[in-house]
Amino acid sequence: MRQPRRSIVAALMLSAALLSTAACTGGGGDDDDTAADPSVAATTPAWPTAIDPATTTEPLFVVWTDVVETGEGDTTALQPSIDSLAALGYQTLPWDPACQSGAEERLAGLTGFADPLGVGVVFATAQDAGTFDTLYDGNTISVTDGTYTCGATS
Numbered sequence: 006m007r008q009p010r011r012s013i014v015a016a017l018m019l020s021a022a023l024l025s026t027a028a029c030t031g032g033g034g035d036d037d038d039t040a041a042d043p044s045v046a047a048t049t050p051a052w053p054t055a056i057d058p059a060t061t062t063e064p065l066f067v068v069w070t071d072v073v074e075t076g077e078g079d080t081t082a083l084q085p086s087i088d089s090l091a092a093l094g095y096q097t098l099p100w101d102p103a104c105q106s107g108a109e110e111r112l113a114g115l116t117g118f119a120d121p122l123g124v125g126v127v128f129a130t131a132q133d134a135g136t137f138d139t140l141y142d143g144n145t146i147s148v149t150d151g152t153y154t155c156g157a158t159s
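Here the working numbering is used: position 26 in the sequence shown is 31, and no number is missing along the way.
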């Protein structure tokens with residue numbers, strides 16, 4: 006399987022956020038050659054907070070970090086991604102992309118799996134998903150948006 010591409014939408018959202026921040030922190034409009042203030046340092050965005058998909062009826066955004074074909078050994082194949090996310094404080098389990106409207110079709114089209122099972126981190130906003138996608142060093146298969154369709158968890 007070839008290396009997956011980062012989501013264009015997520016990258017654009019983060020770029021827009023960074024550009025708006027840069028525009029707000031720019032110089033005072035003077036054309037003189039004053040030195041940059043050494044006390045001002047670039048900051049890395051904070052890791053966004055994931056949500057439980059069953060707690061909202063609003064559209065949500067899932068950053069899928071790993072996807073396999075459902076079948077024997079599927080959860081074992083996803084364990085490295087689960088462990089990587091746990092090390093960052095994101096508690097995830099494999100879940101069926103059919104639980105998010107439109108996600109199963111999109112992931113099946115990207116991966117060629119007829120019945121995908123994936124590890125995804127759920128966020129309330131596209132900006133949070135984009136920030137996570139940018140900060141996360143692991144693979145990102147896709148960022149999908151849609152409503153949660155599997156009902157409340159128990």
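Derived from the structure by calculation, the hints contain no laboratory data.
All C-beta atoms, glycine included, are put in the ideal place defined by N, C-alpha and C.
Be careful, since some hints might not be right.
Computed Cβ-Cβ distance ranges for the label pairs, DEER-style [claimed, not checked]:
(1) 61 to 110: 18 to 24 Å
(2) 85 to 140: 33 to 39 Å
(3) 98 to 119: 19 to 25 Å
(4) 77 to 51: 37 to 43 Å
(5) 46 to 110: 41 to 47 Å
(6) 80 to 154: 17 to 23 Å
(7) 45 to 98: 40 to 46 Å
(8) 46 to 114: 41 to 47 Å
(9) 48 to 84: 31 to 37 Å
(10) 92 to 155: 23 to 29 Å
(11) 130 to 92: 34 to 40 Å
(12) 81 to 57: 40 to 46 Å
(13) 78 to 49: 23 to 29 Å
**Message:** Just to be sure I understand the hint, the distance between the Cβ atoms of residue 61 and residue 110 should be within 18 to 24 Å; is that true here?
**Reply:** 21 Å Cβ-Cβ, so the 18 to 24 Å window holds.
**Asked** Between residue 130 and residue 92, is the Cβ distance one that fits in 34 to 40 Å?
**Response** Violated, at about 24 Å.
**Prompt:** For the pair residue 77 and residue 51, does the Cβ-Cβ distance stay inside 37 to 43 Å?
**Reply:** 39 Å, holds
**Message:** Against the range 40 to 46 Å, how does the distance between the Cβ atoms of residue 45 and residue 98 compare: consistent or not?
**Reply:** Taking Cβ atoms as reference, residue 45 and residue 98 lie about 42 Å apart, which means the hint holds.
**Asked** Does 23 to 29 Å hold as the CB distance between residue 78 and residue 49, or does it fail?
**Response** 37 Å, violated
**Prompt:** Does 33 to 39 Å hold as the CB distance between residue 85 and residue 140, or does it fail?
**Reply:** 19 Å, violated
**Asked** That 41 to 47 Å hint for residue 46 and residue 110 (C-beta), does it hold up?
**Response** The hinted range 41 to 47 Å holds for residue 46 and residue 110, with Cβ atoms some 44 Å apart.
**Asked** Falls inside 19 to 25 Å, the C-beta gap from residue 98 to residue 119?
**Response** 22 Å, holds
**Asked** Do the Cβ positions of residue 46 and residue 114 conform to the proposed distance bound of 41 to 47 Å?
**Response** Since the Cβ atoms of residue 46 and residue 114 sit about 42 Å apart, the hinted range of 41 to 47 Å holds.
**Prompt:** Per the hint of 17 to 23 Å, is the separation of the Cβ atoms of residue 80 and residue 154 within bounds?
**Reply:** Because 21 Å falls inside the window, the suggested range holds.
**Asked** residue 48 and residue 84, beta-carbon distance inside 31 to 37 Å?
**Response** 33 Å, holds
**Request:** Just tell me: holds or violated, for the beta carbon distance of residue 81 and residue 57 against 40 to 46 Å?
**Result:** Once the Cβ atoms are compared, 25 Å apart, the range 40 to 46 Å for residue 57 and residue 81 is violated.
Checked against the numbered hints above, the structure violates hints 2, 11, 12, 13; every other hint is satisfied.
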